[in-house]
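So the chains spell out like this:
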Amino acid sequence: MGNLCECLGNFFGRKNTNVRVSLPAVCFIWQIAMIVLFGIFIRYDEESDVKKWLELKKSANITSNIENDFYFRYPSFQDVHVMIFVGFGFLMTFLKRYSFSGVGFNFLIAAFGLQWALLMQGWFHSLDPVTGTISIGVESMINADFCCAGSLIAMGALLGKVSPVQLMIVTLFGVTLFAVEEYIILDLLHCRDAGGSMVIHAFGGYYGLAISWVLYRPKLHQSKSLNGSVYHSDMFAMIGTLFLWMFWPSFNSAITDHGDGQPRAAINTYLALAASVLTAVAISSMSQKKGKLDMVHIQNATLAGGVAMGTAAEFMITPYGSLIVGFCCGIISTFGYLFVTPFLEKTLKLQDTCGIHNLHAVPGMLGGFVGAIVAAFANEDVYGKEGLKRVFDFEGDFANRTPGTQGGFQAAGTCVAIAFGLVGGGVVGLILRFPIWGDPADDNCFDDDVYWEVPEEEEEIIPPVLEYNNHMIHKHQDISESNFSVEQS
Amino acid sequence: MGNLCECLGNFFGRKNTNVRVSLPAVCFIWQIAMIVLFGIFIRYDEESDVKKWLELKKSANITSNIENDFYFRYPSFQDVHVMIFVGFGFLMTFLKRYSFSGVGFNFLIAAFGLQWALLMQGWFHSLDPVTGTISIGVESMINADFCCAGSLIAMGALLGKVSPVQLMIVTLFGVTLFAVEEYIILDLLHCRDAGGSMVIHAFGGYYGLAISWVLYRPKLHQSKSLNGSVYHSDMFAMIGTLFLWMFWPSFNSAITDHGDGQPRAAINTYLALAASVLTAVAISSMSQKKGKLDMVHIQNATLAGGVAMGTAAEFMITPYGSLIVGFCCGIISTFGYLFVTPFLEKTLKLQDTCGIHNLHAVPGMLGGFVGAIVAAFANEDVYGKEGLKRVFDFEGDFANRTPGTQGGFQAAGTCVAIAFGLVGGGVVGLILRFPIWGDPADDNCFDDDVYWEVPEEEEEIIPPVLEYNNHMIHKHQDISESNFSVEQS
Amino acid sequence: MGNLCECLGNFFGRKNTNVRVSLPAVCFIWQIAMIVLFGIFIRYDEESDVKKWLELKKSANITSNIENDFYFRYPSFQDVHVMIFVGFGFLMTFLKRYSFSGVGFNFLIAAFGLQWALLMQGWFHSLDPVTGTISIGVESMINADFCCAGSLIAMGALLGKVSPVQLMIVTLFGVTLFAVEEYIILDLLHCRDAGGSMVIHAFGGYYGLAISWVLYRPKLHQSKSLNGSVYHSDMFAMIGTLFLWMFWPSFNSAITDHGDGQPRAAINTYLALAASVLTAVAISSMSQKKGKLDMVHIQNATLAGGVAMGTAAEFMITPYGSLIVGFCCGIISTFGYLFVTPFLEKTLKLQDTCGIHNLHAVPGMLGGFVGAIVAAFANEDVYGKEGLKRVFDFEGDFANRTPGTQGGFQAAGTCVAIAFGLVGGGVVGLILRFPIWGDPADDNCFDDDVYWEVPEEEEEIIPPVLEYNNHMIHKHQDISESNFSVEQS
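Protein chains in written order, with the numbering used here: chain W, 50 to 538; chain B, 50 to 538; chain C, 50 to 538.
Wrong hints could be hidden among the right ones.
Which copy is meant is left open, because identical chains are indistinguishable; a pair holds if it fits in one copy or across any two.
[Stated by the list, open to error] Derived lysine-lysine pairs resembling DSS-like cross-links, with alpha carbons at most 27 Å apart:
no., residue 1, residue 2
1, 338, 106
2, 398, 64
3, 339, 273
4, 107, 338
5, 434, 339
6, 438, 268
7, 398, 107
8, 339, 101
9, 273, 101
10, 438, 64
11, 398, 434
12, 64, 106
13, 64, 273
14, 434, 107
15, 107, 64
16, 106, 434
FYI, nobody ran anything at the bench for these hints, they're computed from the structure.
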């Protein structure tokens with residue numbers, strides 16, 4: 050069977066999806082480059098280098114090892130790590146025959162992306178001007194994981210339509226762009242964005258959408274039969290959904306202030322996510338004639354509250370404010386899956402496999418604006434004088450900034466993130482159109498068999514007589530039962 | 050096929066399972082109510098509010114942010130969170146065609162329940178008499194998750210036989226009853242129950258059983274073909290089992306005393322669970338003619354040790370004491386699955402889909418009594434004078450209580466929990482019998498297709514010739530092979 | 050069907066796989082022994098006993114409960130716990146019909162092993178000479194989990210070919226041998242091995258290989274049809290892979306020094322693992338004519354970096370050093386799966402179901418030698434005088450040891466671990482050859498049906514006519530399609 054398909058494929062001019070040279074080449078070259086660059090630039094920071102830590106303890110009069118940042122952030126780091134690899138990975142296993150690729154390519158590009166992110170983020174944020182080196186610690190690992198998330202989100206729009214080599218390129222540029230826009234937004238504009246509504250979700254979402262738009266496949270319907278789920282693939286995707294949902298409070302609180310900042314961000318996110326679940330279920334049920342729920346909504350729209358709280362979670366948004374954000378975003382995201390994604394595909398020629406428009410792009414953008422509004426209304430009554438300084442980091446060059454101004458900059462930051470996503474994605478999309486990356490043909494998308502050794506299923510071991518019958522059936526699709534009984538007798 | 054079924058269903062007077070109005074209505078109304086009530090009552094506590102935290106640090110002379118309760122409890126909170134959503138959720142995916150509902154409805158009702166729990170528990174335990182508000186922090190989130198657990202346990206007895214709207218009602222009342230019985234047991238009787246053998250498991254178990262008893266379906270055997278597992282659904286359920294099993298030490302230690310209390314509770318639970326595994330395997334193997342293991346026992350009875358240690362884990366029960374508790378409960382729980390559940394169904398007309406009687410109700414009750422015994426035998430030799438005060442909180446009004454008295458109150462608390470479960474469940478069961486909640490017909494239980502858009506399986510696309518053959522086979526079930534060869538030749 | 054198979058089995062002298070007496074007997078006797086021995090020996094340590102903790106706080110002038118070791122190590126313990134039960138367990142579910150056994154037997158033997166490990170490790174490392182008791186705390190639980198890992202690795206080589214009773218014996222001896230070799234390596238040779246490259250992976254790997262070599266089955270090809278994966282079993286295995294991969298930084302840092310030691314070990318492991326992914330993917334893709342990836346490599350070789358960093362992770366190996374280790378081990382491990390495992394099976398008569406030779410034995414050995422080299426090159430420039438003492442624990446009897454000497458001892462320790470594995474495994478293999486343990490026949494391996502009640506699959510309900518056809522097909526395997534059409538016409 051396999052051989053037959055192959056022959057036919059070649060006969061009809063199927064694209065060459067062989068990545069036997071390009072994929073190993075990219076992996077090896079980039080990994081070797083990482084080793085060289087790490088050798089030149091990357092060092093342990095003072096909390097993970099034994100000599101520097103002992104010196105720091107003396108100089109800063111630290112009495113206990115528990116003051117090491119590790120104990121503030123490592124549990125959150127591990128939660129974020131699970132979100133990146135199991136959360137994003139399994140969320141993309143919902144397709145019936147693309148689960149290997151969903152989880153496997155996610156694994157590959159995240160493992161590459163985090164190394165590149167340590168370098169890029171280091172160069173922009175923590176390059177020591179004296180030694181020319183970058184110091185990494187637990188917070189760097191969290192930020193590297195965050196940085197990968199942008200590219201993994203973009204992968205959601207492209208799922209099933211690109212080769213692993215293309216995904217590596219998406220990640221190389223995605224991480225690079227991320228580091229630049231993050232530098233502009235967090236350092237130059239001095240925005241706050243602990244959970245990355247702007248820098249991760251809005252950027253990643255529009256980045257992926259722009260790439261997908263450039264790579265539009267008019268004949269994608271030829272792979273339609275594989276662009277759907279089966280019962281157990283939906284269950285695997287639920288593993289991804291739940292780990293994302295459960296650990297999102299850690300995502301939004303992982304790099305917030307020690308002390309009050311982390312619990313506040315966790316509580317706000319926890320509440321927003323809970324509200325999203327109820328409204329996603331409500332809209333999903335309303336949209337069907339018989340009130341049945343759609344797994345696509347449950348797997349995705351329930352997470353919208355977490356995305357939308359990425360900026361405001363560390364602010365004093367109040368518990369009921371968090372619920373309102375989750376409430377609205379659950380509705381907006383589900384509506385997106387119902388109406389916007391089909392609309393975008395029809396009118397804008399935008400094919401978005403996982404619907405990242407509804408889960409990341411729009412809720413991320415909204416999250417940016419929610420953050421702007423909450424920041425603009427911040428005041429000393431609620432935060433206290435010292436608290437205002439602390440939460441918004443009104444220090445140094447920014448000591449005189451008012452909450453109102455901060456709100457304006459937060460909104461501007463959101464626009465920067467979107468612009469970077471759209472323009473960057475457009476350019477990367479053009480690069481990916483070179484016909485050398487081994488992407489699948491239109492009738493060959495959403496199929497693991499292109500890039501993976503797929504085990505034969507027991508069910509597929511069809512005895513020859515059935516194959517014969519199958520063969521006959523395909524020839525006479527509309528033959529009635531009686532005909533068959535004749536043919537057999 | 051689907052249409053045909055539907056027609057036949059309507060013809061035979063199938064129940065109306067359309068929840069297109071009721072489910073969204075319940076979700077929206079309740080979520081809006083939550084927003085309003087949160088707006089009125091819920092505030093950040095002093096460890097998650099920036100102004101209050103900075104004030105607290107000054108007034109209480111806290112030198113380091115690591116003293117924030119977040120760093121004591123957040124890792125445990127995340128483990129508990131995983132147990133609630135992945136643990137309970139996936140444990141209920143074992144049915145062959147009810148996995149979407151198992152994990153999805155669990156998700157829905159837990160997301161609602163935790164909001165309602167924050168309010169109910171707040172009103173009963175931490176309403177500020179001056180401001181009339183409730184302060185929430187990390188410990189509140191853990192308690193809210195605990196509170197949901199009671200209703201999720203009840204869902205186990207009802208699995209496959211009720212509509213999502215009914216489950217929402219089970220949760221609304223379940224959380225309410227939980228808060229009341231918890232107030233009576235922990236505050237009025239001054240019991241200790243950190244892991245909730247009494248307040249969570251005994252209450253939740255009997256609550257679910259009472260509801261199920263009232264909702265007895267004499268013709269449930271009509272859905273018998275779907276009331277079982279397939280190979281991969283059992284594997285999904287093992288995900289739930291293992292995450293519950295692994296994180297149970299965190300469950301029982303999440304809200305115990307800072308310092309020695311948390312590690313002690315974790316160690317005791319760890320040991321009891323390990324012993325449960327061995328005895329559950331032993332009894333499971335003994336019960337089969339050929340010594341084969343039954344997945345139902347491995348998925349459930351291995352957890353009995355954790356349930357039974359919910360009260361005593363924080364006490365000085367000693368490591369071998371924990372092993373004995375696990376040893377016994379593994380046996381009792383497995384026997385329950387083998388003999389008690391069938392007996393209850395036959396004689397008491399009690400249909401308990403997940404066997405919560407054996408996993409929660411009985412081990413929870415036993416755990417309550419184990420706690421009572423261990424408390425009664427506590428003494429200054431083992432605990433020290435200060436330690437006895439610390440572990441049992443013999444302070445304020447209860448400063449003069451002796452361990453013996455405490456033991457008596459612990460036993461009384463267990464009875465209160467069971468009584469609340471049985472009476473409350475009976476009443477809620479009656480409410481659920483109104484014929485307006487969209488529950489499935491007796492021949493339509495355990496089927497996702499009633500409330501979910503279920504993807505068509507590839508395997509179901511049977512080629513016509515097979516359907517024909519199938520058709521013939523069903524007509525002549527006992528035809529010999531030779532006949533077939535004749536028919537075909 | 051089942052009955053027919055059984056009859057034929059008995060007719061052809063199939064082995065007796067009934068474990069109805071032996072399995073429960075082993076479980077009960079061993080669990081009771083554990084209870085007795087725990088009663089005699091095991092006590093809470095001073096950080097989990099309320100009396101001792103309050104005394105310790107006073108005597109050691111500890112001001113805050115956060116100084117309790119629980120808060121340094123418990124999050125890491127939970128990550129390790131997940132690796133042991135979900136990581137190892139699900140990694141072994143890749144076989145199409147042996148998933149129940151993979152995850153279930155892993156569960157059973159780990160739950161037994163950790164109890165026995167607490168005793169064995171306690172006797173060797175922390176027996177109080179005055180009271181004759183062992184004090185356990187959070188670190189003991191981590192070590193007990195580690196100790197189980199050795200036996201679980203060995204299980205990987207034996208997967209599908211042994212009975213649960215045999216696995217219990219493998220674990221009983223495995224834990225015992227582990228405690229002895231660990232005592233020799235860590236205490237007598239004073240090696241450092243925080244993540245257990247030597248004591249866990251090299252030992253466990255060679256232990257399993259030696260057992261498997263003794264238990265060689267010349268006719269194992271009779272079970273060939275079941276010795277492979279199906280699509281969804283590979284997805285379940287990916288759950289195991291990812292949880293191992295994500296939490297390996299916690300594994301290697303769980304028992305390293307408070308303060309700088311834990312973050313350094315985590316960072317090094319994180320980087321080595323990331324590099325392993327890229328090289329494993331590269332070699333996997335290169336090895337196939339069309340560049341397709343093989344799930345076996347992705348599931349296993351991506352983890353090699355974590356294994357190989359088990360010793361050196363806590364040293365100042367530098368970030369790029371970690372990348373190099375991961376780079377090399379990803380390649381070596383994938384080559385192992387491609388060439389060494391088949392070679393070993395053909396020439397050495399060594400059947401290694403999970404390829405632990407490539408994932409644990411060789412990377413563990415390499416990790417031991419990497420540790421030796423890094424230790425030998427340690428110097429005061431990098432570590433500082435105090436730091437050198439701190440990292441290598443040059444205190445007491447070992448105060449005068451130099452890094453060079455330490456390197457030599459580290460290398461010696463690796464050899465001790467391998468020797469213990471090979472000799473111990475050989476002896477245990479001989480014990481397992483007694484024909485009383487209920488192991489399956491050669492044509493009955495890799496089949497859950499031997500030890501589990503397996504639910505009937507819907508797909509298995511094959512209509513009789515197909516069975517007839519199947520029957521005919523097996524008789525005429527090489528008949529051409531035309532023949533069939535004749536037979537049918």
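Okay, the hints, checked on the actual structure:
1. For the homomeric pair residue 338 and residue 106, neither the shortest alpha-carbon distance inside one copy (66 Å) nor that between copies (56 Å) is at most 27 Å.
2. For a Cα distance limit of 27 Å, the shortest separation of residue 398 from residue 64 inside one copy, 22 Å, qualifies, whereas the shortest one across copies, 43 Å, does not.
3. When the C-alpha separation of residue 339 and residue 273 is checked against a cutoff of 27 Å, the pair qualifies both within a copy, at 25 Å, and between copies, at 25 Å.
4. With identical chains, the CA atoms of residue 107 and residue 338 are never at most 27 Å apart, being 69 Å at best within one copy and 59 Å at best between copies.
5. Neither within a single protomer nor between protomers do residue 434 and residue 339 lie at most 27 Å apart by alpha-carbon distance, with minima of 55 Å and 64 Å respectively.
6. Neither within a single protomer nor between protomers do residue 438 and residue 268 lie at most 27 Å apart by alpha-carbon distance, with minima of 55 Å and 67 Å respectively.
7. For the identical chains of this complex, residue 398 and residue 107 are neighbours neither inside a copy (62 Å) nor across copies (59 Å), given an alpha-carbon limit of 27 Å.
8. In this assembly of identical chains, the alpha carbons of residue 339 and residue 101 never lie at most 27 Å apart, being 65 Å within a copy and 50 Å across copies at closest.
9. In this assembly of identical chains, residue 273 and residue 101 lie within 27 Å of each other by CA distance neither inside one copy nor across copies; the values are 58 Å within and 57 Å between.
10. In this homomeric assembly, residue 438 and residue 64 never come within 27 Å of each other (Cα to Cα): the closest approach is 58 Å inside a single copy and 61 Å across copies.
11. In this assembly of identical chains, the alpha carbons of residue 398 and residue 434 never lie at most 27 Å apart, being 51 Å within a copy and 65 Å across copies at closest.
12. In the homo-oligomer, the alpha carbons of residue 64 and residue 106 never lie at most 27 Å apart, since the shortest distance is 61 Å inside one protomer and 66 Å across protomers.
13. For the homomeric pair residue 64 and residue 273, the shortest alpha-carbon distance inside one copy (18 Å) is at most 27 Å, but the shortest distance between copies (35 Å) is not.
14. For the homomeric pair residue 434 and residue 107, the shortest alpha-carbon distance between copies (15 Å) is at most 27 Å, but the shortest distance inside one copy (32 Å) is not.
15. Taking identical chains as interchangeable, the C-alpha atoms of residue 107 and residue 64 are never at most 27 Å apart, the minima being 64 Å within one chain and 69 Å between chains.
16. Only between protomers do residue 106 and residue 434 lie at most 27 Å apart by alpha-carbon distance; the minimum there is 15 Å, versus 30 Å within a single protomer.
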